Amino acid sequence: MQQLIYFFRKFKYFLFFLLLQCIALTLIFTNLNFHKSKYVTSANAVTGSFYNYTFSISEYFSLKKTNHELLVENTLLRNRLEQKQKTTFLTDSTLIDTIKYFQKYTFSNARIINNNFTKAFNYLTLNKGIHDSIRKEMAVVNGKGIIGITETVSLNYTRVQSVLNKNSKLNARLKNSGYFGSLKWDGQDYRILQLTDIPRQAVVKIGDTIETDGKSTIFPEGILIGIVVGVDNNNAADNAIDVRLFNDMSSVGPVYIIKNLHKYEIKELENTINE
Amino acid sequence: MSKTISFGILFLFVVLLQVFVLNNILFLGHVNPYLYIIFIFLFPLKKNRFGFLFVAFLLGLSVDFFSDSSGIHAFSTLTIAYLRLFFVSVFFRKYEVDYPFFNLDLEPFGKKLNYVTTLTLVHHFILFSFANFSFENFSQVVLNTLYSSFFTLVLYFLVVYIFSKKQ
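In the order they appear, the protein sequences are chains D and W.
Using the UniProt record's numbering, the first residue of the first sequence is number 1, and each one after it goes up by one.
Using the UniProt record's numbering, the first residue of the second sequence is number 1, and each one after it goes up by one.
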């Protein structure tokens, strides 16, 4: 017993050091898991409000660029709307049945108040949270393409797992042929992502467009991602294709958060046990 | 008492400086200085180390909260905080009786450079290893460590030079 007390006396600082190190290690390892990472995030009230405050100053420096981007996007959407109206005119009657009303996605907007793109595990912070009905695992996009998936949500702020995160894995497909694979990031270049597990029979050319696949419950179908810039001809196991993002992740302005209204219905259906 | 308050202010100052200014420098696209470890160098040596270790942990954790890095700053800062006394005895030959009189500013530049460089390299190496979190891109980890350490050390000696002139 005396020996034990002597041991604790002698190594008390080392034991305290080990205890704190263990706490730090636990935090590091829980963060690798998408569903558990909730303790050390910038989406809490203190850091969130700090970032919100600095963002309210720094946003003025990019107003011109943001305005231009929104104008371009608006033009695109207006043009698309115009095409849509043409086709509805051709049909002689429009049926609007409110009971059969079928909306799958709703969009809301947010601003990025903190952006990282230089590390291997990057996260963004948004200025909307539970109060704005943001929940976990919603899609975050902007006019040019995908940004990431919401991960930890506090009352007023949200942490987004950027596509530039080694844990990120999204469903994506080739726009022209429909072959799909998963989109990952190897942590090297923030402009280039890797599309893996595309079937070998798929013909991939440099310049092909990559878009989201409707198979996940997070991203709607057909949201743009990027273009193919490099095809792997080495017959590697994962058949990786280099994709350059349409988005410049080093400067992203306003974003849209997409909520899938059918998510729980789909999940429930998929999780029913086969009897 | 006034020392406690001044170190409290220094704590807040280095955290805010790190997360709002230094984290956004991104020299050559990705190189950042991590000057907040200056707190570890400046904190007075004491026989009782519980407080210091805890404050070092908190310092790292605060930077983690802001930079979404989940404990890697806490881990690396705590490590150099623990190793500090060992390197003090190696480089300056100061032992427990000398702690109350120890002043980093009064030490010769060569010894100080060795001490600060060693701690900075250890901190940055652990930091980048965890930030990378795989054995791929190991050369990148080493390069990042060297670049960032250089940046941090230059800033550290500039800061020390500027503030010691006033006295």
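Simulated from the structure, these hints should not be mistaken for laboratory data.
These figures come from a predicted structure and were not determined experimentally.
Watch out, some of these pointers could steer you wrong.
Claimed, not checked - Distance condition first, Cα-Cα at most 25 Å in a straight line; then the derived DSS-like pairs of lysine-lysine:
| id | chain 1 | residue 1 | chain 2 | residue 2 |
| --- | --- | --- | --- | --- |
| 1 | W | K46 | D | K10 |
| 2 | D | K84 | D | K64 |
| 3 | D | K10 | W | K3 |
| 4 | D | K12 | W | K46 |
| 5 | D | K136 | D | K267 |
Holds or violated: D:K136 to D:K267, with C-alpha atoms at most 25 Å apart = 14 Å, holds
25 Å limit on alpha-carbon distance, applied to hinted pair D:K12 and W:K46 = 15 Å, holds
Taking 25 Å as the top limit, are the C-alpha atoms of W:K46 and D:K10 close enough?
-> Satisfied, since the Cα-Cα distance of roughly 16 Å is no more than 25 Å.
Holds or violated: are the alpha carbons of D:K84 and D:K64 at most 25 Å from each other?
-> Violated - the C-alpha atoms of D:K64 and D:K84 are around 30 Å apart, more than 25 Å.
Keeping to a limit of 25 Å between CA atoms, is the pair of D:K10 and W:K3 held or broken?
-> 29 Å, violated
Hints 2, 3 from the list above are not met by this structure, while the remaining hints are.
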